[in-house]
Amino acid sequence: MSPRRTETGGRIDRLRTIRFTFDGAPYTGHAGDTLASALLANGVTLFGRSFKYHRPRGLLAAGVEEPNALVTVLRGEVREPNIAATMVEIYDGLVAVSQNRAPSLAWDIGALNQLGGKVLSAGFYYKTFMGPVIGPLKGTRFWMFCEHFIRRAAGLGKAGTAPDPARYERMNAFCDVLVVGSGPAGLMAAKAAADQGARVILADLEAHFGGSAHWSGETIDGVPAADWAQRTVGQLEGNDNVRLLPRTTVWGYYDGNTLAALERVTDHKETPAKGEPRQRYWAIRAGTVVLATGSFERPLIFPGNDRPGVMLAHAAERYAVEYGVLPGQRIALFTNNDSAYRSAVALKKAGAAVVAIVDVRGDVSNEMRRLASEAEAELLAGHAVVATEGGRALTGLKVQRFDATNGALSGDDRSIHADSLLMSGGWSPTIHLASQAGARAEWDPARQAFLPPRPTQRWIGAGAFTGSFSTAEAIAEGRAAGLQAAGGSASSAPLPIVEATPGDPDPAPVFEIKAKGKSFVDFQHDVTAEDVRLAHREGFVSVEHLKRYTTLGMATDQGKNSNVPGLAIMAEALGKPIPEVGTTRFRPPYTAVSIGSLAAERFGDLKPERLTPMHDWHIANGATMYSAGLWYRPMIYGLAGETVEQAYVREARATRESAGIVDVSTLGKIAVQGPDAAEFLDRVYTNMFSTLAVGKARYGLMLREDGLAFDDGTTWRLGEQDFLMTTTTANAGKVMQNLEYFLDVIWPELKVTVTSVTDEWAGAAIGGPKARAILFSCVTGTAVDNATLPFMGIVHGRIAGVPVMICRLSFSGEMAFEVYSGAGYGTRVWEALIEAGKPFGLVTYGLEALGTMRIEKGHVTGAEIDGRTTARDLHLDWMLSKKKPFIGSAMMDREGLISPDRLQLVGLISLDNRPFNGGAHIVEELDEANPHDSIGHITACCYSPALSKYIALALVKDGKARHGTRAFVSDPLRNRFGPIEIVSNHFYDPDGSRMHG
Amino acid sequence: MLITCPYCGPRDVIEFTYQGDGNRERPQPASQNLDAWNAYVYDRLNPAGDHNEIWQHSGGCRAHLRVVRNTLTHEVLSTAFARGGHKTESRS
Chain A
6 MSPRRTETGG RIDRLRTIRF TFDGAPYTGH AGDTLASALL ANGVTLFGRS FKYHRPRGLL
66 AAGVEEPNAL VTVLRGEVRE PNIAATMVEI YDGLVAVSQN RAPSLAWDIG ALNQLGGKVL
126 SAGFYYKTFM GPVIGPLKGT RFWMFCEHFI RRAAGLGKAG TAPDPARYER MNAFCDVLVV
186 GSGPAGLMAA KAAADQGARV ILADLEAHFG GSAHWSGETI DGVPAADWAQ RTVGQLEGND
246 NVRLLPRTTV WGYYDGNTLA ALERVTDHKE TPAKGEPRQR YWAIRAGTVV LATGSFERPL
306 IFPGNDRPGV MLAHAAERYA VEYGVLPGQR IALFTNNDSA YRSAVALKKA GAAVVAIVDV
366 RGDVSNEMRR LASEAEAELL AGHAVVATEG GRALTGLKVQ RFDATNGALS GDDRSIHADS
426 LLMSGGWSPT IHLASQAGAR AEWDPARQAF LPPRPTQRWI GAGAFTGSFS TAEAIAEGRA
486 AGLQAAGGSA SSAPLPIVEA TPGDPDPAPV FEIKAKGKSF VDFQHDVTAE DVRLAHREGF
546 VSVEHLKRYT TLGMATDQGK NSNVPGLAIM AEALGKPIPE VGTTRFRPPY TAVSIGSLAA
606 ERFGDLKPER LTPMHDWHIA NGATMYSAGL WYRPMIYGLA GETVEQAYVR EARATRESAG
666 IVDVSTLGKI AVQGPDAAEF LDRVYTNMFS TLAVGKARYG LMLREDGLAF DDGTTWRLGE
726 QDFLMTTTTA NAGKVMQNLE YFLDVIWPEL KVTVTSVTDE WAGAAIGGPK ARAILFSCVT
786 GTAVDNATLP FMGIVHGRIA GVPVMICRLS FSGEMAFEVY SGAGYGTRVW EALIEAGKPF
846 GLVTYGLEAL GTMRIEKGHV TGAEIDGRTT ARDLHLDWML SKKKPFIGSA MMDREGLISP
906 DRLQLVGLIS LDNRPFNGGA HIVEELDEAN PHDSIGHITA CCYSPALSKY IALALVKDGK
966 ARHGTRAFVS DPLRNRFGPI EIVSNHFYDP DGSRMHG
Chain B
3 MLITCPYCGP RDVIEFTYQG DGNRERPQPA SQNLDAWNAY VYDRLNPAGD HNEIWQHSGG
63 CRAHLRVVRN TLTHEVLSTA FARGGHKTES RS
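Just so you know, the protein sequences line up as chains A and B, in that order.
Count along the first sequence from 1, then add 5; that gives the number in this note's numbering.
Count along the second sequence from 1, then add 2; that gives the number in this note's numbering.
No wet-lab data here; the hints were simulated from the structure.
Note that this is a predicted model, so its numbers are computed, not measured.
It cannot be assumed that every hint is accurate.
To be verified - Partial list, computed: chain B residues near chain A (C-beta under 10 Å):
| hint | residue |
| --- | --- |
| 1 | L4 |
| 2 | G11 |
| 3 | D14 |
| 4 | T19 |
| 5 | G22 |
| 6 | I56 |
| 7 | L67 |
| 8 | E77 |
No residue lacks a Cβ here, since even glycine has one placed at the ideal position from N, Cα and C.
Construct all of the structure, not just a fragment, from the sequences and the given hints.
Here you go:
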């Protein structure tokens, strides 16, 4: 038998023994134990070391609010730090280790920090490291020296570095009523709503539904409360309209009654069942939420209140009743309210000796006096605990006479021998979710607690959450809330009868006993009452500032224990009542949430890959692929032993000498159709499209509303009311959205529809002196001679039996054609063109050669239409129609957009015969040591096979006026400096004779 | 946040793209009033409270909607097609 396990009692399965290790030592527990209850049963008192002072700490609580007993759970290579031992269900093979200690929990070198307690007070880091530099041991440099040691010494568990192999899931759920919390209030609400036929979700962060019913010792409907809870859960389980989510923490309350929850599906299992995720993230959209989240017991603030063995009263009661574990053999209680008396009786019944009940109130009711004698405890009314004794475990405490009206201590202190001290500082409703939902908590002076405010979203409170701390009230409010949430009418049917220990729910307004020694407010962050007062003396008045300066409530428990006592001490220091000091707003998450559950299946590369219809052909034929936005496009079709530059130079040269073919399926394609399509295009493009003949294409330029260049491309008139617009690959989505916006919002009177048809068409551009001959040899159903297919003409024919649309237009500067076919036939047409091109020396070319030829021609792409350039900057002002307004026409002539010193498009030639880099700056004066006064930058560069030179396009200040002058490239990052000549961007065939044929 | 699309019903906000302040008045296309154009292109209201906004159901039917939304509570008060018709009121 474990040293602290009771002979009988508890809701654990004593027939099943579970083996686990803690800090390497083997332990046993029973099914139903948490790591906390199992270790406590084994006589473990020391669970962790505190954050700052490395003080020994034991269990404070039994539930989710535990601040001290944080452990790291190891599963294979994966370590999950900072989990409350109270929330870890033990399983065979569980491996847990303590945190923030070196070399061991019992012997911790960091505990020396306690000696420096005065130094490490609130604001220590700000004062020491952020202040002005006075002497050698101050300021940021000192911080950089010390940081390594401080980070090692302070803090919590260490995260692992091994990848997490666990699987996580996301679920979306919809319900009429979400009930959060499954104590008597939550169970009644779920039952009432389910009986109305509502779709109900009941979520509780504990492993078993029932909440306080498991350990209250009360009777409901004539049976023990725990049995009543089990029976009610059984009734809910049978309902198709009820979803029960145990081990599920609702951690976020968002707009539109959307709540986030984390279900720990298999954390309590030795091996998950097949297909089970480790955790599941729930996004729940609830018609109405019933908040039945209960309340937290508050610690009292007195010297030594953090010593192992000092515990919350209800937590001890829970360990005794639910787990059959006594926190000590000689128990003392310290309270400011009635609820601790019930705990005393419960512990007495479980087999402990209750040596004393220390009550700050001088006036204790007869009912409570009766309970004290039932517990066989000495009642010390009008007394307070002023010190505790012991090391890794409590050995005793000292009490003194106390006046609750003024906080004065008097008389000699008296020692009491005890190995466990239970405290109760009153109860705070768990209003976190209501606070997250956007409402401000209201202070209730009777309850000495912040109560939930009027709802700002669709939720209804029930039970202790509303400040109604008795089970009878919880049951009544729960049923009413469930009925209301489900749209039912109030019921007059009798409620289950509760037999409970009586007690006044209102505590005495005593939060702190001021005596000599460290009194902890925030156990996890080691914030003492004196730290709070220090913050006040240093001028902090707002609770938000207090919180940040002292870090009160900022640890992983988010102030679940410390919030109200901290505010009370601050209010006293300020001489203001608590409601005037206010409270901080709670924010999600309520408890720690694993990143894995948020990501779920969304990890790795999430972007879709867009592949052209000819993708497989490119791969099979030696293309090196390149990602361009979401698309994958051939970069080069390299031959064995070729460098990238050798490959693209060969491809571009062959295209200009005979013919080349490139996959252009990625171009954005938008069908613009309807009676007003031509008028719409006139408004959208800077140039005219209404004058375009059917069967012809035109190059078009779009501006943004602010007058800057937006996108360019050709648009083909396929019919009177039928246009096919092409856009740049990168801007396809943005152009589409822009067109939709104007049709929907600005010009709804236009009868036009736009449809994205990018994926419907496969496109191949074939260019070069032999291009027409190749088409001639494979196209049927139409002529392709100059008369039938002039520059910018469109014909319809067939290639390999497949219907195709051919437009004669050129990006490469050669005589060139774009051949479009249905996407499903793209490869067939492409292969037919390749076959037809063989006798003519046709090469396939990729993006590099495409870019090279466009640089040689001086065409612009997204690198030049960069959101800062105007049509004039790019020498496209010939496209700006003066006959009609268009998008951007009113704004494009603003002073700053027509100023002569703007960056303009130019060509550059490398005079030292070395390659350029994109982004390199252009300077008039070369100063490698101290580069300055950039006059522009390179947007695109390549080796030009046509010119046999390294060339670039650039945007240069007043560029046109600089044609024929020299300057320098200055690229300090890549150490590339050298002379250049500035020339026109039209390097090659400036009069277009090659493409016009 | 849920936005009720008149075609698709109440949908999560991730399906929508914010397309700007719905109070802007575009000047007549031929207008040369630069102040009016400046106001249209650059001025945005940023009220703390009810706001007229344009949203596109870009992950759905792609219609542009006029949405009245409270910027403090994120409550969507009404939605309607920007082209007109099919207004949905949802003030609770």
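Hints broken by the structure, by number, lowest first? When the structure is compared with the hints, only number 2 turns out to be violated.
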